[in-house]
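As you go down the protein sequences, you meet chains A and B in turn.
Going left to right, the first sequence walks through residues 1 to 339 as my numbering numbers them.
Going left to right, the second sequence walks through residues 1 to 339 as my numbering numbers them.
Any given hint could turn out to be false.
Pairs count within a copy or across copies, as identical chains cannot be separated in the list.
[To be verified] The calculated lysine-lysine pairs, modelled on DSBU-like cross-linking and capped at a C-alpha distance of 35 Å, are: (1) LYS170 to LYS142; (2) LYS303 to LYS142; (3) LYS293 to LYS212; (4) LYS215 to LYS336; (5) LYS215 to LYS91.
Worth flagging that the hints you see were computed from the coordinates, not collected in a lab.
Spelled out, the chains give:
There are 2 protein chains.
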Amino acid sequence: MPTNKQIILHSRPRGEATADNFSLVASPTAPLQDGQVLVKHHFLSLDPYMRGRMNDARSYMPPQPLGEVMEGATVGEVVESRSPKCQVGDKVSGMGGWQEYSVVDAAQRGALRRLDTSQIALSHYLGAVGMPGVTAWYGLVKIIAPQAGQTVVVSAATGAVGSAFGALAKVRGCRVVGIAGGPEKCRYAVDELGFDACLDYREHKDAISLSKALKQACPSGIDGCFENVGGMLLDAVMLRMNDFGRIALCGLIAGYDGQPLPMAYPQLLLTKRLMLQGFIVTEHPQVWPEALKELAMLVASGKLRPRESISQGIESAPEAFIGLLKGRNFGKQLVKLLV
Amino acid sequence: MPTNKQIILHSRPRGEATADNFSLVASPTAPLQDGQVLVKHHFLSLDPYMRGRMNDARSYMPPQPLGEVMEGATVGEVVESRSPKCQVGDKVSGMGGWQEYSVVDAAQRGALRRLDTSQIALSHYLGAVGMPGVTAWYGLVKIIAPQAGQTVVVSAATGAVGSAFGALAKVRGCRVVGIAGGPEKCRYAVDELGFDACLDYREHKDAISLSKALKQACPSGIDGCFENVGGMLLDAVMLRMNDFGRIALCGLIAGYDGQPLPMAYPQLLLTKRLMLQGFIVTEHPQVWPEALKELAMLVASGKLRPRESISQGIESAPEAFIGLLKGRNFGKQLVKLLV
Chain A
1 MPTNKQIILH SRPRGEATAD NFSLVASPTA PLQDGQVLVK HHFLSLDPYM RGRMNDARSY
61 MPPQPLGEVM EGATVGEVVE SRSPKCQVGD KVSGMGGWQE YSVVDAAQRG ALRRLDTSQI
121 ALSHYLGAVG MPGVTAWYGL VKIIAPQAGQ TVVVSAATGA VGSAFGALAK VRGCRVVGIA
181 GGPEKCRYAV DELGFDACLD YREHKDAISL SKALKQACPS GIDGCFENVG GMLLDAVMLR
241 MNDFGRIALC GLIAGYDGQP LPMAYPQLLL TKRLMLQGFI VTEHPQVWPE ALKELAMLVA
301 SGKLRPRESI SQGIESAPEA FIGLLKGRNF GKQLVKLLV
Chain B
1 MPTNKQIILH SRPRGEATAD NFSLVASPTA PLQDGQVLVK HHFLSLDPYM RGRMNDARSY
61 MPPQPLGEVM EGATVGEVVE SRSPKCQVGD KVSGMGGWQE YSVVDAAQRG ALRRLDTSQI
121 ALSHYLGAVG MPGVTAWYGL VKIIAPQAGQ TVVVSAATGA VGSAFGALAK VRGCRVVGIA
181 GGPEKCRYAV DELGFDACLD YREHKDAISL SKALKQACPS GIDGCFENVG GMLLDAVMLR
241 MNDFGRIALC GLIAGYDGQP LPMAYPQLLL TKRLMLQGFI VTEHPQVWPE ALKELAMLVA
301 SGKLRPRESI SQGIESAPEA FIGLLKGRNF GKQLVKLLV
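Here chain A stands alone, though its shape is the one from the complex (with noise of 0.2 Å):
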């Protein structure tokens, strides 16, 4: 049986997130029971999502418990099997958590989808391609509905989750602006991923700075937001949406570590008839088979080539983790796995 090295979360963040929080351990992995498999992972997808999951508050999810391996999405191969669903050598997705291996009830719903890497590169599931990938779809295509001509705007636009809508975007021949952290990022949406325009947040020291580059790069005002950040990424874009915008809320990175981040301006969402939705893209499960087919055509007809950040070995996760918190990733932040 083979050592499998696991991170667990060891404590519970006051403030930011520190390495601190995590804990690594080993063992051998347990032996098969009848329908269970042994899948050896090639990568772990780290998602902004996990920092809620460490505070030991009400959310959409439980908290995270202590002590026990960080849960997370992975991709591998199948390594020994003894259920008839899954032979070695498939590759599969599956939540096999912050480890090398994960043993798995391959009969269990959902717990394992095969994966077909023929023209998809493995990490893609992880990505453009799985929960992020779906998370914009689900926002572009069910909350805000853009019409053709109509402009969008996506905070966090060259993560995984803003570069998929990009694209899905640009399909639907909306007008993309993104809004990203540093020039080089905003460079690259423009340049790579196709967005009309980029604004670096970090050049505005305020909603109303940031508002007013916006007007420039959205001169027919902003249709509807897929919102990520939060904080005054938010508020600026609420000052330049048109009316009957929606604002398809998926995440406020900017307050998760537990600061206040008040809506400055919530008569704007009255003055101008937003509507805003927050959602949940595991809670649309009747959505992903439509939206995994869409996103899996624009990954391999090249209309979607989506960049990634992979650290090394288990080990660096909580390093990676914090760096993904901070925006210091550049595309989908995953780890490889080294065995």
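Chain B: place on chain A using the hints.
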């Protein structure tokens, strides 16, 4: 030609609106052209939205022009007619403005509505069976869309909109909880309007305190919120909302004098997957016939007995309006015209 006393907007408020912002003028009514009628107003409606129009700011309606008669809804009687569409003696509603008479093109679509006063008092067509009632109907039926047994909360509960909202929600089997200013209004909401509970926001110094009282009044949480006020009232309701709750945002009277009115906890919109929709009922003309039919039935059957605060004479309109903004009214605020 009778003399017509009128209130014009004299100046725009800085901060709170004051009586000095208005002035009284008088002039003879204009002679009728073919197709026109002269309406003698019996009642003028005072509504919170008028405060927004006193500012020279972009909103959902253009600003009220300086030096012109304040716009507003009226009910009255045709006293002279050069139109085949109206006879002298017809009771009608229209946007007659803050004045004693108006001259109206009877053929202009929507300019006048003929009213049946056999079962419904004329004044109620400015309240429960008029724009405020339809506002409540739209927010409840089209945005909150509650199921029987769900809990809904409305602020400014004893006002024209809130009291109609309560009756409409009770008919649908909801638990209805109001928020109002002062013990007398709260008693009235429960004893006369049929609310299940009503909280006096003046007893609470902040949103946390009010949210604790809401927890008592809403033991199963809050599924729908009809918001007229904003500020700490909305913050407190959001703290108690259930997952997938709906917020119909109709007014933010707490911020109408221009003070900042941040939303303290926008992260709840995400973690509870709330939907918030700002709306203006005049943009949804398709619902008016159905809504008015139900509202007329509720009033005619006595299931909704709207209370009114009636000030006397056009000269009293500015002070009555300022009182409305401060919550000094009790039920629908009207001005009775004494000509």
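Against the structure, the hints:
1. LYS170 to LYS142: both (16 Å within a copy, 32 Å between copies)
2. LYS303 to LYS142: Answer is within; shortest intra-copy Cα gap is 21 Å, inter-copy 39 Å.
3. LYS293 to LYS212: So LYS293 and LYS212 fail the 35 Å test inside a copy (38 Å) and across (47 Å) alike.
4. LYS215 to LYS336: neither (41 Å within a copy, 47 Å between copies)
5. LYS215 to LYS91: Result: close neither inside a copy nor across copies, 46 Å intra and 49 Å inter.
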